[in-house]
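All residue numbers for the sequence shown refer to this note's numbering, where the first residue is 8 and numbers rise by one.
Watch out, some of these pointers could steer you wrong.
Stated by the list, open to error - For lysine to aspartate or glutamate, the following EDC-like pairs were computed, each having C-alpha atoms within a straight-line distance of at most 16 Å:
id	residue 1	residue 2
1	LYS449	GLU406
2	LYS57	GLU22
3	LYS410	GLU381
4	LYS126	GLU186
5	LYS403	ASP427
Read the hints as simulated data drawn from the structure, not as lab findings. None of the values given here were measured: they were computed from a predicted structure.
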Amino acid sequence: MSLLIREITKDEYYEFLEKQSSFSFLQLPSWANVKSGWESKIVGWFDDKKLVIAGLILIRKIPKTKFSLFYLPEGPVLTVDYAKNVVDWLSPLKDFAKKNKAFAIKLGPQVNVKTWYAKTIKNAITDNVYKKFKDVDPDRTNPFGLEIASKLKNLGGLQIETDDEGFGDVQPRYVFAIEVKDKSDEELLTNFSQEWRRNIKKAEKSEVEVMQGSFEDLKTFHDLYVETAKRDKFRPRGLSYFQKMWQELNENSHNLSLLRLYLAKQNNETHAACLWVKVGTHVWYTYGASSTSGRELRPSNAIQWRMMRDARDSGAEIYDMRGIAATLNEKSPLFGLLRFKIGTGGKVVQYVGEWDFVNQSWTNSLTNVLNSFENCIVPVIKGNGYGIGKANLAKKSLELGIKEIAIGTIFEAKEVIDKDFLQIVVMDPIKDLDKSSFDELKKLNDKRIILTLSDINDASNMKETPIIVEVLTSMKRFGLTANDLKSLTSYQILGLSLHLPIENSLDGKINEVKNWIRIYDEILPHAKKIVYLSHLTKEEFIKIKNEFPNYLFKLRLGTKFWLNDLNSFQIKSSVLAVHDVKDEQIGYRQRKINDQFIIVVSGGTSHGVGLQAPRSNTNLKSRITAILSGFLEAFDQHLSPFVISGKQRWFAESPHMNVSMLKLPKNIKPPKVGSEITANLRMTTTNFDSVIIN
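All chains should be built: construct the whole structure from the sequences, respecting the hints.
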């Protein structure tokens, strides 16, 4: 039975958390206040009226769109009785995310999957044949955790695989932990390596003193932290982050968490500093820093030894030294982290890890393209709407926060004119002699419509109309020359348009843009410094954009925007009839068919089935394919786009206007009448009966 999900108050959440023996501090309501730049919601899952699961959702808005990312760091907080029924709590979360326009969910419940003890890992390192933890048989597996991970994957979860040089997830999937409950100092030290015990004694002999610091001492910690960041080449957080962390975890968490600062000093000079966080029976070492000078005093060993014992004395069961990389490769720059921690004799714990669930793969694809081009895209909406429909594309543009679009012809404007766009650019030229086009423009009577002028002979009817000037590039399609621009000094010009060829080098494209911008500036200094471009890769666009910082560049993008991820689409056809044919004549031309099934499916020439747009045969393979296709078609042998049992099937005869007849061998089980099959068709040349956007 699916659980019900709704937002809950902080008080409801705290009451729930107080009943849990332990959970991640990243799921505390107060943690949301530490994460500047993120919004947040607290949600609860209910079985009838009983709150059984809860979680903090951090929300990152996607710039210039209405969409966001939902992130539950080390959450949600699951209870044993309900955790395993993943679909019961994941499905409501997905629905909640969709309603709140979240294009993706990232979550990582804190459930362990596998455990390796220090001795096992040391032996694996010595053997020198294992590359990662996953190559080593674990000492313990948790069937409960394995089942949750399996269900998350089966329900569409995506997980970034860790590699030798990284952690993979935002929060660590592998951590190093020490069991401290009821352990004496002697018992803890017994598990330490000889090197660790020596270093602790050395720190004691060197009179390294470890003490707890105050809020004011965070400045000392941060100075060391910045030094560490510079040495280890990572970007440090600001002091205010740690000050906020102190305030929220110590003062605003209903006494559910405790944050301490530890300092290792010798002669009043601080050589190492660490942050220690406790929630329930779990203590985490979260941030550490050390100076380059004084390392021979072994302050890092001393400070860890003190924090470990204080964790035990506070009632904790686990002292968690947090993340390690997945690698067992001693040459990896991240191996030192494991070497340091494994000396404490603890264990490596693998969690379920973080999983991504994309609610709308098409929207996710569009958002990725927008971000790649720094939100400088003007989507092109023309023709058959790339198979999706112009009205659907207009609606999706607005959902993404896009306020300017481009259309092919003036006659396409009526399909988008009712939408709330600020500017609608007509890309194709309106010829001066084309009375019907200007009649349509007059009928629409909308100042948001911007025409493109690409032939000086068409300029007379555009004196009162804002225009974009398209110049003649090496495409040699159509466009204005430099001399043409000289007669446009009194026109209202909103930008320069360059239709660049696809097959040209980056330097060639930059030089062409540079040359036309120079001409544009010289002849039309009053014109707006906006340039519309086409046919550029992300790298080319960013390079050109950076070359001319005084100009605003906009990239017109059609197919590579709307159809960037073809896996987001599925074309389906209905099975209308199935006939068992043996030595019979069928179809308009009464061709004889031997022992086969004839499958009648929806989709014919009126939909674009059997009509193939020409492609460039630029290599030997494509030319041979074209020759063979032509040879087969001469004998009325056409491979259809319809897929049955994993293969495209042959037409029984040329497609009809609304349906097609397919041949299927008798050794293949035919689909049932009323079922659906898939088809491989070009989106830009197909007219669909209906388009469903999930």
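To see whether the hints hold, each was checked on the structure:
1. LYS449 to GLU406: Given pair LYS449, GLU406 is violated - Cα atoms ~29 Å apart, limit 16 Å.
2. LYS57 to GLU22: holds (12 Å)
3. LYS410 to GLU381: holds (15 Å)
4. LYS126 to GLU186: holds (15 Å)
5. LYS403 to ASP427: It holds: about 12 Å lies between the C-alpha atoms, which stays within 16 Å.
Consistency with the previously given hints fails for number 1 only.
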